[in-house]
Amino acid sequence: MTREAKHELFKVLDKIVDKLDITKSQYEKAKERYEAVGKWLANGEYCLTGSSQKCLRDGEIYPQGSIRLATTVKPIGQEEFDVDLVFFSPNVSPDNIDPSELNRLIGDRLRENFDYRRIMEASPNNGRLKRGWRITYADEFHLDITPSINNHTEENNSELVPDRKLQDWKPSNPKDYAVWFDKCSEKIPSFSYVTRDSITMASESHEVVDFPENDEVKPLLKRYVQILKRHRDEMFKDKDHKPISIIITTLATHAYNKCVSSNTYDNELDLLIDIIKIMPDFIEGYEGHYKISNPTTKFENFAERWNEVPAKKNAFDLWHASALKFFEELHKLSGQHKIFKFLEEGFGKEFVSIVYDDININVEKNRKKGLLGLGLGSTASASSSMKKNTFYGK
Amino acid sequence: MLARGVSKYHNLSTLKMYHSIAMCDLSKYGHGHRNTDSFYWIFDAQPSPLSNVYKILIIYHKDLYSPWVYILSDDISQLSKAPHLYDREKIRLCLYYPVGSNEWTKRDSLCNTIVAWTYLWLYYYEEWLYSGDWKGGGIHPNPKDEEVEKKLSPLKKIRGQKKKKRNTNVLNYINRIYKKSMSEYLKYKEL
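Quick note, the sequences are listed as chains A and B, same order.
Here the working numbering = 1-based position in the first sequence + 2.
Here the working numbering = 1-based position in the second sequence + 331.
The reader is advised that the hints may include incorrect statements.
In silico PhoX-like cross-links for lysine-lysine, where the CA-CA straight-line distance does not exceed 25 Å [unchecked claim]:
no., chain 1, residue 1, chain 2, residue 2
1, B, K412, A, K343
2, A, K340, B, K520
3, A, K396, B, K510
4, A, K367, A, K21
5, B, K466, A, K343
6, A, K389, B, K386
7, A, K185, A, K279
8, A, K390, A, K370
9, B, K386, A, K340
10, B, K495, A, K396
11, A, K390, B, K393
12, A, K390, B, K386
13, A, K279, A, K315
14, A, K334, B, K520
15, B, K437, A, K390
16, B, K421, B, K510
17, A, K177, A, K26
18, A, K371, B, K466
19, B, K386, A, K334
20, A, K396, B, K412
21, B, K359, A, K390
22, B, K511, B, K421
23, A, K340, B, K466
24, B, K359, B, K511
25, A, K371, B, K437
26, A, K396, B, K466
27, A, K390, B, K466
28, A, K389, B, K347
29, B, K393, B, K510
Beyond 10 Å from chain B on every Cβ pair, some chain A residues (computed) [what the hints assert, rightly or not]:
no., residue
30, E6
31, K241
32, K244
To be clear, the hints were calculated from the coordinates, so they are not data collected in a lab.
Think of the CB as a built atom: it goes at the ideal place given N, C-alpha and C, for glycine as much as any other residue.
If we strip away everything but chain A, and leave its shape as in the complex, we get (with noise of 0.2 Å):
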């Protein structure tokens, strides 16, 4: 393939999942419905059996995850989007609460909430997650609130959340965690031919409506990782032990700088080929003590539950062999219909079908303006005119 048609390709990988992002107006709406959550918990009066401490006064909401990170993909089979929201209440200490009774006041407190209290009872499980409450917006999104207090024990951000069985608090630094994943992405890599430029002002020319996020372009380290999730949500769909997001973000990262920093490249694609390929590289450990830490806070290992259900490590192996051959093997298809044909295995049909679709609709708009442009930017032929044809014969 060459260099224009992986430049091409990317193009396309971009567009997928742009189609699978959270919307512009999605995410306002979102960000208003949990921010007047944040502010109903705040008010609460909840206070600790026999102190006079008021547990979620002055607490605060804020996304955390993928809604945070600007890598949202639309989950398979599910209308609605993931917005994973922490909870952080300034004035408990873990000495004095445990996790699940923080936990039990946030929900006590939503339900007070006459609309909080319908959805929540309309929701599976009355909307009790495994450390956390979820509020559905039906085909909309839904809100996963957890609760958080102070670390103490460091100066940065660092926060305590439950464990998985609201049992005891352990470390946690999301917000820290974003800003390094921010700064991250900021890093330009450097390519030898094409630059990521092209690819704004071919997407800007084709009325992107909704644009995804406040900034115009998504940092393509950000696109790396949703296509990349994508990939996963395809293969895992019926399959148990899916990867999780934060291993694939936070390894995904970690190659990226390295790449980045080290080398220059011809393509996207190229650089998303080598990003995969030392992905694995920062994994730490060994069996029963693999290691993935969150570079801002010591202690959080996202990796813990590889060493408790062996098979998720397994899966991950199995998801980055995968993701490599598929990528390898992309590169390697010439024809456009075979090359949406394969995306559609990585991607899914629906959403690669509506890139192509997308196409068509660019070369019958180019076709009425008496132009040939029979790409997703500029190809050979963009510019050149053409004169009204009627194809005929059998």
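Assemble the complex: chain A is given as a structure, and chain B must be docked to it using the hints.
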């Protein structure tokens, strides 16, 4: 619309037509040969960066209404099933509506007509392979039109016979070039 005599005056000569194809950005990377009354041109066409590269042969003779366009391929299993073909064995493309539409006239440069339409056809061909649907639009010939042509007046029959003789020469030229180009293509492919 111009009167008959006038339009002939305005026709592009074979030379000009040949130039319009050899200089065209879409087809300039090719080769061919020109005589006084005829020419052919072979070039690679890739409709989009992700598409296959197709070997295109365009043959023209001044007695033809318009150039004939072929895809040279050693595997026509799918091509021969595509819509809008004049010839399913030789893969000759139907690119425009010939009857009174003025979509193609001899005054047109080949670059923004026949050559551009070939690219467009190839684009829709690959899309058709993907979706099973021809999205490029078009008209399929009405069998009634063909019947009308068969019922000719005696005068038209004599004219038709003269024309037929001339046409045989043109067809011979086309067949010769097609065969030659095809064998060259196959030979090159083997290498």
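Here is what the structure says about each hint:
1. B:K412 with A:K343: Status holds; Cα separation ~19 Å.
2. A:K340 with B:K520: Distance ~21 Å between K340 of chain A and K520 of chain B Cα, so the pair holds.
3. A:K396 with B:K510: Holds - the C-alpha atoms of K510 of chain B and K396 of chain A are around 24 Å apart, at most 25 Å.
4. A:K367 with A:K21: Given pair K367 of chain A, K21 of chain A holds - Cα atoms ~21 Å apart, limit 25 Å.
5. B:K466 with A:K343: holds (17 Å)
6. A:K389 with B:K386: At roughly 22 Å apart (the allowed maximum being 25 Å), K386 of chain B and K389 of chain A satisfy the hint.
7. A:K185 with A:K279: holds (22 Å)
8. A:K390 with A:K370: Holds - the C-alpha atoms of K370 of chain A and K390 of chain A are around 8 Å apart, at most 25 Å.
9. B:K386 with A:K340: OK: K386 of chain B and K340 of chain A at ~19 Å, within 25 Å.
10. B:K495 with A:K396: Given pair K495 of chain B, K396 of chain A holds - Cα atoms ~24 Å apart, limit 25 Å.
11. A:K390 with B:K393: Distance of about 23 Å is within 25 Å: holds.
12. A:K390 with B:K386: Status holds; Cα separation ~24 Å.
13. A:K279 with A:K315: holds (17 Å)
14. A:K334 with B:K520: holds (19 Å)
15. B:K437 with A:K390: Distance of about 15 Å is within 25 Å: holds.
16. B:K421 with B:K510: Holds, because 10 Å separates the two Cα atoms, which is no more than 25 Å.
17. A:K177 with A:K26: Cα-Cα ~21 Å, so holds.
18. A:K371 with B:K466: holds (17 Å)
19. B:K386 with A:K334: With Cα atoms ~20 Å apart, K386 of chain B and K334 of chain A stay inside 25 Å; holds.
20. A:K396 with B:K412: Measuring from Cα to Cα gives roughly 10 Å; hence the hint holds.
21. B:K359 with A:K390: Between K359 of chain B and K390 of chain A the Cα gap is close to 22 Å, so the pair holds against 25 Å.
22. B:K511 with B:K421: holds (13 Å)
23. A:K340 with B:K466: Satisfied, since the Cα-Cα distance of roughly 17 Å is no more than 25 Å.
24. B:K359 with B:K511: This hinted pair holds, its Cα atoms lying about 20 Å apart.
25. A:K371 with B:K437: Given pair K371 of chain A, K437 of chain B holds - Cα atoms ~22 Å apart, limit 25 Å.
26. A:K396 with B:K466: holds (15 Å)
27. A:K390 with B:K466: Roughly 15 Å between the alpha carbons, so the hint for K390 of chain A and K466 of chain B holds.
28. A:K389 with B:K347: holds (18 Å)
29. B:K393 with B:K510: holds (20 Å)
30. E6: violated (4 Å)
31. K241: Given that every Cβ of chain B is farther than 10 Å from that of K241 of chain A, nearest at about 28 Å, it holds.
32. K244: holds (29 Å)
Violated hint: 30 only; the structure is consistent with all others.
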